[in-house]
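Asker: Letter by letter, the sequence shown follows residues 1 to 131 of our numbering.
Each hint should be verified, as a subset may be incorrect.
Claimed, not checked - Have a look at the derived ranges for each label pair, beta carbon to beta carbon:
| id | residue 1 | residue 2 | range |
| --- | --- | --- | --- |
| 1 | Val64 | Ala86 | 26 to 32 Å |
| 2 | Glu93 | Met1 | 21 to 27 Å |
| 3 | Ala124 | Val40 | 16 to 22 Å |
| 4 | Arg128 | Glu4 | 19 to 25 Å |
| 5 | Leu113 | Lys85 | 28 to 34 Å |
| 6 | Arg8 | Lys85 | 22 to 28 Å |
None of these hints come from the bench; they were simulated from the model. The beta-carbon is built from N, C-alpha and C at its ideal position, and this holds for glycine as well.
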Amino acid sequence: MGREVIERYFAAFNAGDTEGMLDCLATDVEHHVNEGQIRVGKVKFAEFCAHMSHCYAENLTDMVVFANDEGTRGAAEYIVNGTYKATDSGLPEAKGQTYRLPAGSFFSLKDGLITRVVTYYNLADWVRQVS
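Could you put the whole structure together from the sequences, leaning on the hints where they help?
Answerer: So this is what it looks like as structure tokens:
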């Protein structure tokens with residue numbers, strides 16, 4: 001059960017379907033972003049997605065999803081293929097640069113929903129690629 005919800009979550013991400021991603025999340029989801037604060041709840045998650053969609057166009061490839069037998073924990077490793085569309089606060093100026101970045105996510109799951117999303121990537125590598 002854990003793999004399926006993670007796979008639906010990432011399929012929605014690649015389709016640009018924020019509502020589909022939200023459907024995979026528990027109401028009180030904890031979103032741990034790389035180099036950022038923990039955001040709690042679907043509203044904060046949706047706000048984050050809107051910001052990201054404004055600044056970046058991304059597609060995930062080479063996806064490998066893992067889950068424990070109990071369906072309570074999962075992980076995914078993938079490549080982020082992106083275009084930097086609009087300058088994000090505190091980061092280099094956006095000029096349509098493209099990037100390819102290995103990344104990973106970790107999940108906690110309960111009752112078939114994602115209760116925690118943790119995403120990691122190498123920010124220094126991303127900055128190097130877009131600078």
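Asker: Determine for every hint whether it applies to the structure shown.
Answerer: Verification of the supplied hints:
1. Val64 / Ala86: 26 to 32 Å: Holds, at about 30 Å.
2. Glu93 / Met1: 21 to 27 Å: violated (44 Å)
3. Ala124 / Val40: 16 to 22 Å: violated (28 Å)
4. Arg128 / Glu4: 19 to 25 Å: violated (36 Å)
5. Leu113 / Lys85: 28 to 34 Å: holds (30 Å)
6. Arg8 / Lys85: 22 to 28 Å: holds (26 Å)
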